[in-house]
Amino acid sequence: MKPIYLDHAATTPVLPEVLTTMRPYFSLHYGNPSEPHQWGQQARAAVDEAREKVAQFLGAKPQEIIFTSGATEAINLAHKGLIEAIRETQDVKRKNFTPHIVTSSVEHKAVLETCRHLEKMGWASVTYLPVDQDGLVNIKDIKKSVRPETVLVSIMYVNNEVGTIQPIREIGETISQINKLRMASPRGSARGDNGELKIYFHTDATQAIQYLDCQVAKLGVDLFSLSGHKFYAPKGVGVLYFKKGMPIVRQQDGGEQEYRLRAGTENVPYIVGLGKAIELVQQNKEHSANLRPELRSREFIEKLREKLINGVLKIPGVGLVGQPKKNAPHIATFLVDGVEGEAMLLLLSEKGIAASSGSACTSGLLEPSHVLTAMGYRPEQAHGSLRFSLGQGTNDEEINCVIKVLPEIIQRLRKMAPKL
Amino acid sequence: MNFSQIYSKKVLEHIRHPRNMGEIKNPDGVATVGNLVCGDIMRLYIKIEKKDGKDYIKDAKFQTLGCGAAISTSSIITTMVKGKPLNEAEKITNQAIVEALGGLPPTKIHCSLLAADALKKAIENYRQSHKK
Chain A
191 MKPIYLDHAA
201 TTPVLPEVLT
211 TMRPYFSLHY
221 GNPSEPHQWG
231 QQARAAVDEA
241 REKVAQFLGA
251 KPQEIIFTSG
261 ATEAINLAHK
271 GLIEAIRETQ
281 DVKRKNFTPH
291 IVTSSVEHKA
301 VLETCRHLEK
311 MGWASVTYLP
321 VDQDGLVNIK
331 DIKKSVRPET
341 VLVSIMYVNN
351 EVGTIQPIRE
361 IGETISQINK
371 LRMASPRGSA
381 RGDNGELKIY
391 FHTDATQAIQ
401 YLDCQVAKLG
411 VDLFSLSGHK
421 FYAPKGVGVL
431 YFKKGMPIVR
441 QQDGGEQEYR
451 LRAGTENVPY
461 IVGLGKAIEL
471 VQQNKEHSAN
481 LRPELRSREF
491 IEKLREKLIN
501 GVLKIPGVGL
511 VGQPKKNAPH
521 IATFLVDGVE
531 GEAMLLLLSE
541 KGIAASSGSA
551 CTSGLLEPSH
561 VLTAMGYRPE
571 QAHGSLRFSL
581 GQGTNDEEIN
591 CVIKVLPEII
601 QRLRKMAPKL
Chain B
25 MNFSQIYSKK
35 VLEHIRHPRN
45 MGEIKNPDGV
55 ATVGNLVCGD
65 IMRLYIKIEK
75 KDGKDYIKDA
85 KFQTLGCGAA
95 ISTSSIITTM
105 VKGKPLNEAE
115 KITNQAIVEA
125 LGGLPPTKIH
135 CSLLAADALK
145 KAIENYRQSH
155 KK
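As they're listed, the protein sequences go chains A and B.
Count along the first sequence starting at 1, add 190, and that's the number in our numbering.
Count along the second sequence starting at 1, add 24, and that's the number in our numbering.
Hints are computed from structural coordinates only; laboratory data are not their basis.
Remember, predicted model here, so these are calculated numbers, not experimental data.
Among the hints, a few may not be true.
Once the Cα atoms are required to be at most 20 angstroms apart in a straight line, the calculated EDC-like pairs of lysine to aspartate or glutamate come out as [said to hold, decoys possible]:
| # | chain 1 | residue 1 | chain 2 | residue 2 |
| --- | --- | --- | --- | --- |
| 1 | A | K605 | B | E47 |
| 2 | A | K515 | A | E496 |
| 3 | A | K609 | B | E37 |
| 4 | A | K541 | B | D141 |
For the chain B half of the interface with chain A, some residues (derived, Cβ under 7 angstroms), not all of them [as the list claims (entries may be wrong)]:
| # | residue |
| --- | --- |
| 5 | F27 |
| 6 | M45 |
| 7 | L60 |
| 8 | V61 |
| 9 | G63 |
| 10 | R67 |
| 11 | Q87 |
| 12 | T88 |
| 13 | L89 |
| 14 | G90 |
| 15 | C91 |
| 16 | A124 |
In this text, a Cβ means the ideal position worked out from N, Cα and C, and glycines have one as well.
Please work from the sequences and hints to get the whole structure.
This is the structure we're talking about:
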């Protein structure tokens with residue numbers, strides 16, 4: 191039987207046309223973009239072109255695009271780079287100033303662990319906002335948690351485990367209103383010196399690129415992170431968008447690359463690949479009405495997911511997490527009563543099906559998913575979680591196959607379990 | 025999705041074909057270990073037979089809610105104790121379980137502790153209920 195890959199939220203394959211575009215930059219156009227000779231300049235032109243494509247996709251300027259090794263690095267740079275820059279300027283004026291970050295409890299580990307690092311070092315204090323049953327943050331909570339020292343709000347665009355779309359635009363507007371008040375308040379007002387500190391807004395958009403609006407101005411974000419391998423570019427390349435003029439200090443020191451914000455010779459072939467992949471996403475978004483149905487990614491995937499959801503929910507004792515209709519179209523997460531997630535993955539893999547789970551046994555940490563527990567699910571529910579994430583290669587037969595084998599697997603495991 | 029990178033052949037074999045799965049009606053000893061919060065829960069049943077004044081484990085069965093490692097450790101422990109004198113069976117350590125399975129990944133060693141614990145407690149349960 192042909193294997194069935196339903197873990198596209200974890201990673202996607204590199205598209206053939208992406209690979210074709212990358213290929214000459216390994217052994218043919220292998221120059222170092224920092225060199226003035228023709229080899230170097232050829233590579234420079236390719237990197238510039240990719241940067242242009244990313245900038246266009248985000249509605250940004252090329253000078254606002256930094257290539258990184260992935261979203262994790264982009265996120266580290268955004269958070270640490272901003273906090274360091276602010277501490278540098280504020281330390282001079284005032285002692286005992288600790289910048290404050292507002293984030294959510296359902297962020298990816300890249301954000302959570304970066305925030306914890308900043309807390310541990312005493313460089314920032316952090317508020318981790320709760321979410322509701324559907325995984326949404328409440329804008330009122332953001333407003334309430336903002337303090338005079340708040341300099342960064344970091345909220346993910348789409349949750350990777352359950353697909354919840356956060357109201358980024360509304361949050362952006364809220365922050366912009368607060369900023370207007372702050373900027374208007376004269377020196378020596380209730381906030382004293384803080385009057386001039388702006389709140390910057392970061393979103394981790396790793397799971398959003400293919401299906402949602404990523405125009406940074408519309409979203410009202412100052413920092414925007416993404417990773418190539420979630421949209422058919424290779425692993426090991428990502429992007430940080432940062433609004434021109436905002437304070438940021440590089441975290442990787444060395445040469446002058448990436449506007450002196452990320453030292454190290456550019457990963458030319460991968461950057462080229464990311465540029466091509468993001469161009470393909472943009473074409474898909476723009477022309478989806480004229481495309482064959484299987485290429486209209488959003489509609490196509492939503493339809494397949496609906497079929498999957500309807501089929502899986504027929505199994506007794508299986509529930510859906512969140513509200514898929516309001517969520518990103520490629521993720522469906524279920525909670526299966528009386529079964530442990532890893533055991534399901536194992537038996538699914540025996541049938542050639544790849545999925546994912548937030549169970550403790552799959553994390554290596556022996557803790558159930560922090561996302562599901564933040565959404566109010568009990569650990570024993572989280573242990574039985576099962577995530578399917580669809581992609582371009584997903585088709586009807588694959589969904590039929592999952593719907594057919596999953597009930598048997600669940601039944602088999604439930605039969606094994608003790609009655610409590 | 026290659027669980028054979030994570031688990032040994034023996035572990036996978038026990039997950040595919042668990043031995044002695046199910047319940048013993050009127051067991052001589054039974055124990056339930058682990059808890060739902062941690063994700064693994066294991067129940068072990070034993071049936072005892074006396075031969076020449078000595079206690080033997082005549083039958084052993086398990087029921088487990090848990091990951092692949094939990095299923096395989098509970099399956100293999102039933103095969104390790106069946107037919108063994110009680111005083112030998114109770115000496116089975118978690119290392120012995122791990123060895124019998126051809127190893128377990130480091131993060132899964134706690135599952136073998138669970139199986140060894142279930143056996144110990146099932147034997148205790150038998151001794152307590154059969155004290156004169």
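Violated hints, by number in ascending order, as checked against the structure: Numbers 3, 4 and 16 - these are the hints that the structure violates, sorted from lowest upward.
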